[in-house]
Amino acid sequence: MSLLHVRGLTKEFGDLTAVDDVDFDIEDGEFVSILGPSGSGKSTVLRMVAGFEEPTAGEISLDGADLVGSPPFERDVNMVFQDLALFPHLTVAENIGYGLKQSGVPAAERRERTERMLEMVRLEGYGDRTPSELSGGEQQRVALARALVNEPALVLFDEPLSSLDRKLRQHMQTELQRIQTETDTTFLYVTHDQEVALAVSDRLVVLDGGRIQQVGTVEDLYEAPESKFVADFIGDVNAVEGRVTAVEDGGVTVDAGTGEVRVPRDAAGDVDVGDAVDVCVRPFQVRVEGGERADGGDGTFWTTGVVRNRSYQGSDSLYGVETDTWGRLSAEVRADSFEIGESVTVAWDAADVHLYRREETPASEPEAA
Amino acid sequence: MAEPSGAAGEPGSDEPANRSADGTGDRMAALTSFFRERPRLRTLAVAGPPYGVLILFFAIPLLAMLVVSFQTGEIGGPWTLSNYTNFLSSETYLSVVWKTLVISVQVTAIVVVVGYALAYSIVRFSRRTTLLLLLVILPFWTSYIIRMYAWINILQSDGVLDSTLNMLGLPAVSLLYSEPAVLIGFTYVWLPLAVLPFYASLTNLDGDLIEASKDLGAGPIRTFTSVTLPMTINGVVTGVILVFIPTFGSFITPRLLGGTNNIMIGMVIENQFKSAFNWPFGAAIGMVISVVVVALLILGTRLGGGLFETGGEGA
Numbered sequence: 012m013s014l015l016h017v018r019g020l021t022k023e024f025g026d027l028t029a030v031d032d033v034d035f036d037i038e039d040g041e042f043v044s045i046l047g048p049s050g051s052g053k054s055t056v057l058r059m060v061a062g063f064e065e066p067t068a069g070e071i072s073l074d075g076a077d078l079v080g081s082p083p084f085e086r087d088v089n090m091v092f093q094d095l096a097l098f099p100h101l102t103v104a105e106n107i108g109y110g111l112k113q114s115g116v117p118a119a120e121r122r123e124r125t126e127r128m129l130e131m132v133r134l135e136g137y138g139d140r141t142p143s144e145l146s147g148g149e150q151q152r153v154a155l156a157r158a159l160v161n162e163p164a165l166v167l168f169d170e171p172l173s174s175l176d177r178k179l180r181q182h183m184q185t186e187l188q189r190i191q192t193e194t195d196t197t198f199l200y201v202t203h204d205q206e207v208a209l210a211v212s213d214r215l216v217v218l219d220g221g222r223i224q225q226v227g228t229v230e231d232l233y234e235a236p237e238s239k240f241v242a243d244f245i246g247d248v249n250a251v252e253g254r255v256t257a258v259e260d261g262g263v264t265v266d267a268g269t270g271e272v273r274v275p276r277d278a279a280g281d282v283d284v285g286d287a288v289d290v291c292v293r294p295f296q297v298r299v300e301g302g303e304r305a306d307g308g309d310g311t312f313w314t315t316g317v318v319r320n321r322s323y324q325g326s327d328s329l330y331g332v333e334t335d336t337w338g339r340l341s342a343e344v345r346a347d348s349f350e351i352g353e354s355v356t357v358a359w360d361a362a363d364v365h366l367y368r369r370e371e372t373p374a375s376e377p378e379a380a
Numbered sequence: 019m020a021e022p023s024g025a026a027g028e029p030g031s032d033e034p035a036n037r038s039a040d041g042t043g044d045r046m047a048a049l050t051s052f053f054r055e056r057p058r059l060r061t062l063a064v065a066g067p068p069y070g071v072l073i074l075f076f077a078i079p080l081l082a083m084l085v086v087s088f089q090t091g092e093i094g095g096p097w098t099l100s101n102y103t104n105f106l107s108s109e110t111y112l113s114v115v116w117k118t119l120v121i122s123v124q125v126t127a128i129v130v131v132v133g134y135a136l137a138y139s140i141v142r143f144s145r146r147t148t149l150l151l152l153l154v155i156l157p158f159w160t161s162y163i164i165r166m167y168a169w170i171n172i173l174q175s176d177g178v179l180d181s182t183l184n185m186l187g188l189p190a191v192s193l194l195y196s197e198p199a200v201l202i203g204f205t206y207v208w209l210p211l212a213v214l215p216f217y218a219s220l221t222n223l224d225g226d227l228i229e230a231s232k233d234l235g236a237g238p239i240r241t242f243t244s245v246t247l248p249m250t251i252n253g254v255v256t257g258v259i260l261v262f263i264p265t266f267g268s269f270i271t272p273r274l275l276g277g278t279n280n281i282m283i284g285m286v287i288e289n290q291f292k293s294a295f296n297w298p299f300g301a302a303i304g305m306v307i308s309v310v311v312v313a314l315l316i317l318g319t320r321l322g323g324g325l326f327e328t329g330g331e332g333a
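Here the protein sequences line up with chains A and B, keeping their order.
For the first sequence, this note's numbering gives the first residue as 12, with consecutive numbering after it.
For the second sequence, this note's numbering gives the first residue as 19, with consecutive numbering after it.
Hints are computed from structural coordinates only; laboratory data are not their basis.
Mixed in with the good hints, there may be bad ones.
Computed Cβ-Cβ distance ranges for the label pairs, DEER-style [as the list claims (entries may be wrong)]:
no., chain 1, residue 1, chain 2, residue 2, range
1, A, A287, B, A218, 55 to 61 Å
2, B, I239, A, A68, 39 to 45 Å
3, A, E206, B, R54, 37 to 43 Å
Partial selection, computed: residues in chain A whose CB lies under 10 Å from chain B [stated by the list, open to error]:
no., residue
4, L14
5, P99
6, G110
7, P117
8, G270
9, G310
10, W313
11, T315
12, V317
Residues of chain A clear of chain B, computed beta-carbon distances all greater than 10 Å [as the list claims (entries may be wrong)]:
no., residue
13, P82
14, S238
15, Y323
As the structure is a computational prediction, the values presented were derived from the model and not from experiment.
Glycine included, every Cβ here is placed at the ideal spot set by N, Cα and C.
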């Protein structure tokens, strides 16, 4: 039996269905992230697990015990809030010891466990300060210590790192992983930031519009995204419109406007002849070559275009290429290869693509950056 | 300091601007730069008038009271301490002071509890906050005296309260001219005054802190005593001051609703000035009471002050 068990979880606010029939499990000791754009219902899921919202339908159980209906102060779950919610009228030590005090732990043991927790988050000697005297990163550590000191079965995070600058955020990410391993606690982390989610999690739950899009390990989601949304949300993706012209055992033939290309069957997914599809490819898998190319050869998508912009990314650059047939594509290649305005050929292997059946109403689909 | 310079120049600028309507733009600019170069003068121009009013109508009369309280019989008489010794050695007067203190403490306690509950329910449970707040403040639109007469009507024998009780088959209480009548009157009058600071501090309270407390295992009562109340103690202290001080010096409410058994010290002072024409004695009582109230106030803010520092808005 998994530690956290969520089945058919649904939350309606009036006419709005914020969370729609969500199922997932978390195993003991895992670090799981719920990843989704703002408004996807991820925070609502978290708040239902914490007990701040009652589900409209569905079940949540922790360690086999049903949680629905029990108040937050009776759940063996602690949360790190987005704005941390440290008590400004209490010292750091009193903040951390707050939960222990509520559960009747004697003062001496409380002090001892608080001290140990301060050590764990590397804030020795900060106990007598007030939260307002600490920096943002230090406050994060106090909030984490305040949740962990109670030794809950599950710690919830409501994007607490989003207010930190990039450098500090990356540092806190590794700290989170270290502390999770040291305390052997299960973490459920909610974020809209795929970078954070990919960096810290064992598994991801991708949510959009209140529905689960995909659940899996980071590698699963990156290498075998089940939908264009997931492909686009977990790392960037180029999408080219095409039509399936033939389906055989060995592969699927797609015409994306530049001639037929055979795509291996396992990359193609579930498509039929005549389907309109998105041919998706990651920018780092796109090749850019100078000059005009005579022919594409077998198993390659290619077209010609002009380099329009370039953003420097260290050893690589992200080039925006205005293509003749597919609109603008992005390609991640060696930093100093091309000039803006240069005519180039872009190409990628059919083995690297993913095909997704096109949504019926492509016009209303928002372009994720 | 540079920011408010335009507004700060205005009070002083009226005079020359009125004298010559032409070329005011130049003059304004000149004046603005004049004040910008003299920040102290600018501060004086802004803060001066209010201080002038305070000195003229508060500090000077207070000083006059102090002087008069050391004189005998009438104003201008010989110097003496007898007004103070008479007052402080009279059991009758001291018992009135005690009674006043008891009533003031009771009123403050009732208003704080009822007012806090009211403000809390407005903030936490209602969506029509503005309307409810308006209703709370509404009685201020009617004169204090008229509202007191309305209470006489309600509380007197065979008044609204008694006849309602009669209709319900309950015995009449005829509360008028009793201590409960005074408490009811004061509670009614001061409640809105206390609700406003309570409301202000409760709306500033971050809801996440309440959730964090519950998340950490504190039930509703523990959350209230260890988070909500400490975080709003600022507003509570303000409310206590706003209620306690005017109650202590009040004379209209106890006279209209309290009858002869509920004499408060404000009534004694008023009597010395208006009926007995013993201004020096009235002034002496006034000074003693002022000292007592200020002492209580300092004590109160000291007690609350410790909480002020940590219980403020914070991070």
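> Failing hints, ascending?
Replying inline: Of the numbered hints given earlier, those the structure breaks are 2, 3, 4, 7, 8, 9, 10, 11, 12 and 13, listed in rising order.
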